[in-house]
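Asks: So the chains spell out like this:
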Amino acid sequence: MVAFRNAGLSVLLVLLLSATGLADDRTAADLLPPTTILYAEIPEPGMVLELFESHPLRQRIEKLQGVRDAYETKQFLQFKAALAIVEAKLGQSWQRVLQSVTEGGIAIGFDAETQGATLLVKARDEEAAPKLLDTIIELARAAAKDAGNSDPVNSGEYRGITAYQIDQAKIATWGRWLAVTNKPESGKAVLDALLDTPENTLATNAQFQDARSKAAGAATAWGYVNVEAIRKGGIAKDVFSGKTDNPVAELLVGGVLDTLQHTPYVTASLTLDQQHTRLEFASPHQQDWTTEAREYFFGPDGNGRAPAPIQVSNQLLALSTYRDLSTMWLRAGDLFKDNIVDQFAQAESVLSTLFSGKDFGEEILGEVHPEFQFVVARQTCEDGTPQPAIKLPAFAAVFRLKDPETVGPEFRRTYQSLIGFLNITGSMNGQPQLDLDIEKEDTFQLVSATYLVEKDASPGGLKINYNFSPAIAFAGEHFVVSSSTALARELARSVGKGSKPSTDLNSTIKLNVSGVSDILADNRPQLVAQNMLSEGHSKEEAERTIGDLLELLAAAESVSIDLGASDGTVRASLEIDYVAD
Amino acid sequence: MRSNRREFLKTTLGTSAVVSLGATVPGFLRAAAVASTDDKETILVVVQLSGGNDGLNTVVPFSDPAYRGSRPKLAIPASDVLKINDALGFHPSARGFADLLEDNSLAIVQGVGYDNPNRSHFESMDIWHTCQRKSDTRTTGWLGRYLDASQANRSGVSLAFHLGHEKQPFALTAEDVRVPSISSLEGFRLNDSGDKEVRSTISKLASSARQESDSILDFLQSTTTVALSASQRVEEASRDYKTPIDYPESDLATKLKTVAQLIDAGLGTRVYYVTLDGFDTHSQQPAAHAVLLSQLGGAVSSFIKDIKHQGHGDRVAVLAFSEFGRRVEENASEGTDHGAAAPMFLAGNKVRAGVIGDHPSLTDLEDGDLKFHTDFRQVYATVLESWLGWPSKSVLDGSYDPVDAFEA
Amino acid sequence: MKTTAIDPTWAWLPYRASEEQPWNRGRAAHLLRRAGFGATSQEIDAAVEKGPEEIVADLVSPRLDAAFELESDAFAKTILASGDPKNLSAWWSYVMLRTPHPLLEKTTLFWHGHFATSAAKVEDAETMYNQNRLFRQFALGDFGKLTHAISRDPAMLTYLDSITNRKAHPNENYARELMELFCLGEGNYSENDIQELARCFTGWEIRRGKFRFNQFQHDPGMKSVLGHSGPLPEGKSIDVVLDQPAAPQFIVSKLIRYFMFDEPAASDELVEPLANELREHEWDISHVVRRMLTSQLFYSEHVIGRKVRSPVDLVVGLLRTLEGSTNAYQLGDDLNQLGQGLFYPPNVKGWDGGRAWINSSTLLGRANVIGRIIRDENTRFASGNLNEYFNRLDANSAPAIVDKLLELTLAVQPPQTVKEQLVEVINRNGDRSERIAEAIHALSTIPEFQVM
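Chains as they are written, first to last, in this note's numbering: chain A, 1 to 581; chain B, 1001 to 1408; chain C, 2001 to 2452.
Check the hints yourself; a few may be wrong.
[As the list claims (entries may be wrong)] Computed from the model, here is a short list of chain A residues facing chain C with C-beta under 10 Å:
no.	residue
1	L98
2	T385
3	P388
4	G430
5	I464
6	P525
7	A529
8	S534
9	E535
10	K539
11	E543
Honestly, the hints are just simulated from the structure, not real lab data. Here a beta-carbon is modelled for each residue, glycine too, at the ideal position from N, C-alpha and C.
For reference, chain A alone in the conformation it holds in the complex (with noise of 0.2 Å):
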């Protein structure tokens, strides 16, 4: 009987609401104004939550030695009675809080014209967004009182519907919505949206509805920023000037400036589960946007691709792009500021003493084709190589030549003769000499350099030059240059092989992030030693700070970066995958 009557109770509640709230279903973009130039959602708050609860990520911070000893201070102690108040209150767990007062999404926009802040939040029902109002004034009123201060919350009315301001915030209810803003202008604007369905607001808005269009499908988050509007606007000058005064930005990120000196908008979308975490920025791009200076870097066409990632043991990293770098160091007095066109002055004149005579950006970069890959392994000491105290990863680059026949004889040479450099001032300086060697297999010819083991090498361990058998492969058309023979050896054996086609990416970056642990448990002890020295810690406090970084990388299978542009867009972006359990 009583089941009965809450049963008829609830449906005459369901009724009720889907009247009036549930009827709603215009989303904040329908409430935010066209002028809105920066724009982020989440429309399903509570699955982000639930994942949050439920992530392997969260279960292995929380058995970190420094988190649990965290939990236990003072600080973490009072926040957690401070919020078991605010559930006592509210009659309900934060998170079941949350997910009521949030089930219809989050979003945030800017205005440009009024420069306010909004911030939107849908609840279930019409009862759960006054209600956290409330509690919130409350709160804020016991604690001014608590510290001797007068009462924090104004209120105000405007076309019949209160609004509180709490500091700067500006905080009013109507129906699901929850409406949190910096400018009373922004309020307005909503409380009036919220009344009247204006004719314009940004879901209206042609480059939004653009960009909305071409979202890619169920993205935990996403967002749109209108650069087009922030260009005019004069803000951030610098991000458009087009020249940097960063060498190593340009190369990474410096075809996309020019895209942006041209785009109507930019987004990001950022996509969650239990295995990965993804976040992408788009922006339409096209060809003519890229100037003389930069064609460096997407090619003369936009058609430079990186070419098929190379895999060897051991990876930590793998880089694959299309960068013509020569063109790049022609062409720095047009990309850089001038304090950095000198620096590239001098470092000509030093790089071109190292080469022997040979101008740098055009007879030494000029000499390889722009695609390249760079790689990054753990060295494992197995080939009985001597094993240094620091473990350091190997690296190598993988050029093609324009002209292996001519070119090759000539980089060898080069390559000898820096080896014999190294050694006279190494001798001078008490360093070990490095032993040249030349090795032929069918496919492909070695110049490698070892260091000579001292008879009476320290106790300690080897120096950290061990690290290092610097090394040249020439294999077909490929280069390589490596930090280690042994890398060098495997690379020219798996570029002899052939080629795989192209990406259509402009460049890839892979991190393999168990190769990153390994190689820091490979030098434990050093690490250790150093949290010691640079926080002060004792042994114990750093064994368990080292510990902790060990455990959490352990989550982590690989971080991947990707760039492209193609179909008019250009797209970048992050993914970290993590070791399923």
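Assemble the complex: chain A is given as a structure, and chains B and C must be docked to it using the hints.
Replies: Relative to the frame of chain A, chains B and C by itself:
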């Protein structure tokens, strides 16, 4: 700005009042007052050009056919040089030096070097720093010896500063005096929270009367007072420091600008030392050398203009030197190799502007290098005697004829 | 107040607590500051309980167990693996902060300044570390043996340009420094003695970072050093130098300056009794150090507050006093900035000490360094912040905190007005820990903070 400092001296230290009270004033206050009345002392700013500057392409003998003959690729065309006279001209990038010369503020001492020149960077630099050869026991530098000798009648203030991150130059190594190396103005300031109350507490703490008389504590108290007033002066000087001079963007310019601020703060320091590295141009010299000369000329000329503007023009001189010049013949990679004699530069209101001494012959060479006719110690002797007012014989361990580089 | 007025007989009598010179927290703190790098409040309590004799006896003969030595050696070796001698400064700063044997480290630092060798020239981290181990091994041991060992030390010979020493051209550098700076002092030898002694060291070489005797380059002829004639092979010539009466006099007077007072220089009469004892005890440094630290003189006004704090005394001292831990790399850099770069002494004379530590820029530097360290995010006091630390010492009110701070850090108390102003600083609004940091920063600028 100058009036600000004066004001500070009057109100905070009451210099004249303190001095006139004489013996009744505690020792530490007298020391502080003395340390700030240094407006007349001359100041030397040394600019070291590391790597071996190509003197021949800095002060170019453009009308000498032998110059073009030895430098088929690197010779600066006669039409490009900034003319000094009918035979000599500056590298087109050394615009700053040309401006200084025009302004009667630059002396070029030609053909400077030493006997039996060493062509190793380190060894030659050590010779310039210590005035001694490798076979001698070298423990101090020439400026260090000057500092040791002249410190007797000073208290508290650092006589010399080295500005930069590199290792401290040997020239500044002394037996007794320790020269601080400082990378920015922050090193001259008490780094407190900026809270006024804390400031006043700190100066009250230092100046509170102590009952007992104890020579170490007296000394500490007077040095603390000097230090706090120096800190305040540097802070006020840098806060109020406004200059119409637009220093170029380079490390050297930034360092010299800091020196200008410190001089204006009236620290009582006599020697500042800064370095510009990168002159070892064995290959692809033209672009690299042009950048360096433009940085050097731009920084020094802005500095001299600034110093004049602040009213210290008559008591500041800049000395620029390099460990050696470069070979007359260019090499096959559009560069030049280590050489010997080269010009030195002195800049400031009081230098006798113009070229001092003949340009060394480009045909009468020693091992392919220019022969020196002026020993670098003659220039040091000039700076010590005519500028810093200190007998050079014991500092340089010998008598060297000064060159006529300063106005009487 | 002048040392000439000090009666040597009275000076070296064992200290007995009296009404004028009571054994109290002040004197216990004085002992622990001079014989180490400052002490915590609890350590002072324990020292008051034990009395000076027992404390000093423990300090001069540290009980080094093998496990401890093994572990600290492994730690150092790990740091050395990078090959950068700069890391050694960080390593030694860390060791000084945490060592259970402060007097051993302090005396090791003394020998580093005495047999000064700089990594700026030697460049090799391991060579420098091996020398440091040598200093620690003999720090409170046999000075004669240390001198013999240092004469063959690769770092020392590299530093003094004595990697090769041929009989045709004897290198006088080491011979000169051995007499002038290491054993006798100026005026106790002639130029001829230097030349003769240099001949004894011919054939002493460093090859590939190790000492080697090259008999083909050794001059086996007759030499006459300081009145002793003979071929003087191997280390015999070093014994001749060590047998000079000036030798123990020279070492004891340097130890007095290091452990007792900067100025004026100790008179010959004051030095002589301990110099004789050093000779009688066959160069046992621990004996004279113990005698100094337990003497009447040590606990008198001639010594208390009569030393200018070195940068190590200042910074490591403050941290140890407040159980502080911090970023040791930064600490090593700070010490260098203040003029006491560990493993980087300025020249072969080592650090002059005394007033030479002080000028206007080092004074500002001292305050800036202290201000930086106490606010550094890596600096913790017994794993907590300053407010928590003083709460644990039961110093809760501002006056209590200031009293504690002054008692722990100062040998000479400042005027009452200084205390009042520091109380004011702590009582201002704001985060209590930050206020205490502010007070310590202000305290670090006063003259009394620079002496100990």
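Asks: Going through the numbered hints above, which ones does this structure break? Give me the numbers in ascending order.
Replies: 1, 2, 11
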